[in-house]
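A.B. asks: Given next are the chains, with one letter for each unit.
There are 2 protein chains.
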Amino acid sequence: MKIALCQINPTVGAINQNKKIILETYNRAIDLEADVIVFPELAIIGYPPQDLLLRDRFIINAQNALNEIAQKSTIPVILGNTLIEDNKLYNCAFICENGEIVSHYKKRLLPTYDVFDEDRYFAAGNKHCIVELAIDGKNTKIGLQICEDLWDKNYSCDLAKELKESGAEIIINISASPYRVDKLLDRCELIQTKAKDNSIPYIYCNLVGAQDELIFDGQSLAYNENGQLIAQGKSFEEEIVMVDLSLNKPMNLKVLQREEKIYNALVLGIKDYFKKTNHSEAVIGLSGGIDSSLTASIAVDALGKENVHGVSMPSKFSSQHSKDDAKLLSENLGVDYRTISIESIVSSFEQSLKASYNGSESGVAEENIQARARGSIIMALSNKFNWLVLSTGNKTELAMGYCTLYGDMNGGLAVISDLSKTDVYALSKWVNKNAGFERIPLSSIEKPPSAELRPEQVDPFDYDVVSPLVSSLIDDEKSPSELIKEGVDPELVKDISNRIRINEYKRRQAAPGLKVTSKAFGMGRRVPIINQYDELKHD
Amino acid sequence: MKIALCQINPTVGAINQNKKIILETYNRAIDLEADVIVFPELAIIGYPPQDLLLRDRFIINAQNALNEIAQKSTIPVILGNTLIEDNKLYNCAFICENGEIVSHYKKRLLPTYDVFDEDRYFAAGNKHCIVELAIDGKNTKIGLQICEDLWDKNYSCDLAKELKESGAEIIINISASPYRVDKLLDRCELIQTKAKDNSIPYIYCNLVGAQDELIFDGQSLAYNENGQLIAQGKSFEEEIVMVDLSLNKPMNLKVLQREEKIYNALVLGIKDYFKKTNHSEAVIGLSGGIDSSLTASIAVDALGKENVHGVSMPSKFSSQHSKDDAKLLSENLGVDYRTISIESIVSSFEQSLKASYNGSESGVAEENIQARARGSIIMALSNKFNWLVLSTGNKTELAMGYCTLYGDMNGGLAVISDLSKTDVYALSKWVNKNAGFERIPLSSIEKPPSAELRPEQVDPFDYDVVSPLVSSLIDDEKSPSELIKEGVDPELVKDISNRIRINEYKRRQAAPGLKVTSKAFGMGRRVPIINQYDELKHD
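Chains as they are written, first to last, in this note's numbering: chain A, 1 to 539; chain B, 1 to 539.
The shape of chain A in the complex, shown without the other chains (with noise of 0.2 Å):
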């Protein structure tokens, strides 16, 4: 028996594109000989849909699509879609074939956390399904899962043994689930001991593709009775994964190095939001840091060197090495490079403001019209040349409100948003040693960062150190009073604690950032902006 486990990239609400791949791919699988064709979670409609799923006609328009996928189908078609039954609406598997849906199980367990908000949308479904399929020339029971369903340890239920347990012989689960670092280990290690423990081959097919914030990898599994790992799809590509459960050959893991799998990630962050949003070119603000260098070297392998330009925005506060290594950075790339000097424009502001400034001190206020200065220039070559501008600013920065709103935090996606200064740092070295030679300037990777908004200035933190402590109380969501029991000291993690706190507005206002940690800002960190919680000032 051969299940053919397409992982595709569909776009949101892109229904009737959606459903075109969907068929080509059908076709593909049968000619490769599949008995079983599956797709991943909600494939007709792209995920997440979000608020398009409270609009009527867009379920039934995703209806209308479903219903001639199934009515051109002949081989069993197992895929995803919603469903609206006594007025509820539900995240469905649908099998369909011979030119008619047959079955469709209702996804039971309903992710409500972190960037999931099945509950707004879906009803959940109550009872299991599964559907018996005549394949060569045998009855093959077949249990159907949907993504949320195997990680049912979080809802005290146990979904595998119960579909075991009610006569299923293989398991397929068809997944959304988006890529953080290490989730691909975390669903092995599930899916092994669901497939060992109930002796029952598990199947996984994943979505691949980027939607806002979120990138799905793919990387769909096929796992035999013995928990042992049978098939296994590659990260960030469409594939078709060909799971032969008679030849049952064991095979290894394929895990790739973290710097290349975030990298990767990105990659195809970048790409998908672009052709997904109808832009092909992207401009970049270089300014000889690690931060921006990194950011293009990313958008050079998402969208190819002809379609990146680099833009150097010097101030009298640019140091030459700056200037050089953003220069050198954009030869090693290959990208379009041009310098447009901020120095007249700062002066025109300081000119205009002087009689409101009235010879205050100089301070953040001026500083912040250098960083404003920049992202107006970067925004006028959007506007012109229809280029989308990448923003640069990472983690550490972003939580520490170390960056200016309207200025350098402009951009349409923020690409390292959800990487602290520590894998900034790792992925660069890693850009150059994949690359053979210093792509990223080394003196770019070496020197002390610096905004350069001031004569002298370096970043006021010592990253080795804040950085892993932001990622503490961030991606591992420790609290403060943790940390300083682990004996950090205690007015650091409270200065820290409570420049995140009084920088969530920035935030707010921040461009979408590319997530691959456990928990980025964005859509699945909902802090308020008005909060007067500290819980180290508190009693």
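The reader is advised that the hints may include incorrect statements.
Remember, identical chains collapse to one label, so a pair may be satisfied in a single copy or spanning two.
In silico DSS-like cross-links for lysine-lysine, where the CA-CA straight-line distance does not exceed 30 Å [to be verified]:
| # | residue 1 | residue 2 |
| --- | --- | --- |
| 1 | 323 | 447 |
| 2 | 72 | 138 |
| 3 | 275 | 494 |
| 4 | 478 | 20 |
| 5 | 537 | 72 |
| 6 | 327 | 138 |
| 7 | 384 | 141 |
| 8 | 141 | 234 |
| 9 | 354 | 327 |
| 10 | 183 | 271 |
| 11 | 2 | 161 |
| 12 | 537 | 275 |
| 13 | 271 | 494 |
| 14 | 506 | 519 |
| 15 | 88 | 485 |
| 16 | 537 | 384 |
| 17 | 494 | 384 |
| 18 | 384 | 316 |
| 19 | 127 | 478 |
| 20 | 20 | 537 |
| 21 | 138 | 506 |
Since the hints were derived computationally from the structure, they do not count as laboratory data.
Given the coordinates of chain A, assemble chain B onto it according to the supplied hints.
C.D. replies: Just chain B, lined up with the frame of chain A:
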């Protein structure tokens, strides 16, 4: 029997401060000879606390505050707080009396739609709660509800009936129900029906105050067993509303005029945003147009004229009448006013971009440079003087994308972003009528709207047509197909709905805006940026 409905204004996260407010108000209600004292939903932690609820210490601190209130209690007090039981979090009403927590009720209906995310945080209770309190030498059975429990028709259950049938003699509902136009009438109708149908007094205590995008209006209510109103709290103000059930004297509902209600809501929205984020002064770009004029008027009424700064930022395209109108407005309001020309700044930008622009025709890019020069100036004043920028865009503009990201969209709070252009006119006229003179210059109201970013420019929409259509699509959530079926020009519907869709990326980076309609842009409307669903292009 006298019930005190304490419609207080807590701050999200400020547990100690909220505890103090509750204890002070409790003592004042005792002085007023109350027999039972009632506070709103989640009174100790504020509403909505969002992801603060995921922090263990936060829940513990709130529990400690509740225990302290209980210890200090003499006569019965009912108030909202969280409860952890079997590793699940509940949204509860606690009853404390004579130093102890005597009972609690777990909220049964958890709203998870629009701005509400309660399923993300809470488990639902599954049984009613009736407490017996000895008042005036007689035992009275009080049935408890929390907010959404009243709106049970959406959940096919009847919780008031259940309470009555189980012996309740009074129903008390503690709420945190955000304001929208006409919500008072919806609440009244619902409560009246519940009271009358079940022949039971229904007492409703609501929160006051603003929290980010949401404004809570108070307006606590009491209906007797005949469905007659016997008490109504003030709108948008803290108050102890005394309900004397023995007097039981029917009264008429006081309903303010639509414009006055919305205006007062926005005043409170500004006032609380400033107070609760520790700001006192605002700065507003005054163009002489109606949007900035209305925003300034609201700001003055919220913060006092001495705390509002107006800035006119003319370019070579600014008309004399605009400059005159802005100046006249600032005189009418009595606010600090300054003029900072953007001409030389815009010239510097144009000069610096000349090589890149290479003689291309002037267009949107050039217009946006002006908006961004203004945006940077106003932020420069904000950074220097710690003035919070109020942005002035209306809902119709935001829907159509007729606004400049990082330009006129700059600001910490968007005051009128949930007002259609039609409502902007209506409120401005009301302001003048209410003031008894042309507080907002008549020419600002009467002249054709223009961004004045090029010669002879006027806004490219007929707002009389476009504004109501946008309201139909957004506020009333009508579909484009419906509007066409109703006879609206298909090309116009297509153009508007397409603009709404493709400008999602701008709104994603907009300042939080005060919600006054049934559907505002912001936390309650979650539409993807990558969104290829165009209903009218479909099939």
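A.B. asks: Can you tell me if residue 384 and residue 316 fall within 30 Å by alpha carbon in one copy, between copies, both or neither?
C.D. replies: The answer is both: 26 Å in one copy and 21 Å across copies each meet 30 Å.
A.B. asks: At 30 Å max between alpha carbons, let me know whether residue 183 reaches residue 271 within a copy, between copies, both or neither.
C.D. replies: Within. Shortest intra-copy distance 21 Å satisfies the 30 Å Cα cut-off; inter-copy 45 Å does not.
A.B. asks: Using 30 Å as the alpha-carbon threshold, which applies to residue 494 and residue 384: within, between, both, or neither?
C.D. replies: between (45 Å within a copy, 25 Å between copies)
A.B. asks: For the identical chains here, do residue 327 and residue 138 meet the 30 Å Cα criterion within one copy, between copies, both, or neither?
C.D. replies: neither (66 Å within a copy, 86 Å between copies)
A.B. asks: At most 30 Å between alpha carbons: which applies to residue 2 and residue 161, within, between, both or neither?
C.D. replies: within (24 Å within a copy, 57 Å between copies)
A.B. asks: Could you place residue 384 and residue 141 in one of the four classes (within, between, both, neither) given a Cα distance threshold of 30 Å?
C.D. replies: Classified as neither: same-chain Cα gap 59 Å, cross-chain 70 Å, threshold 30 Å.
A.B. asks: With 30 Å as the alpha-carbon cut-off, assign the pair residue 88 and residue 485 to within, between, both or neither.
C.D. replies: between (48 Å within a copy, 26 Å between copies)
A.B. asks: When no copy is named, should residue 20 and residue 537 be tagged within, between, both, or neither for a Cα gap of at most 30 Å?
C.D. replies: between (57 Å within a copy, 16 Å between copies)
A.B. asks: With identical chains treated as interchangeable, where does the CA-CA distance between residue 506 and residue 519 reach 30 Å or less: within a copy, between copies, both, or neither?
C.D. replies: both (18 Å within a copy, 24 Å between copies)
A.B. asks: Cα distance capped at 30 Å. Does residue 138 pair with residue 506 within a copy, between copies, both, or neither?
C.D. replies: neither (61 Å within a copy, 56 Å between copies)
A.B. asks: First find the shortest C-alpha distance between residue 537 and residue 72 inside one copy, then the shortest across copies, and answer within, between, both or neither for a cut-off of 30 Å.
C.D. replies: Between. Shortest inter-copy distance 23 Å satisfies the 30 Å Cα cut-off; intra-copy 64 Å does not.
A.B. asks: Is it within a copy, between copies, both, or neither that the alpha carbon of residue 127 lies no farther than 30 Å from that of residue 478?
C.D. replies: neither (37 Å within a copy, 35 Å between copies)
In summary, the structure is inconsistent with hints 6, 7, 19 and 21 from the numbered list given earlier, while agreeing with the others.
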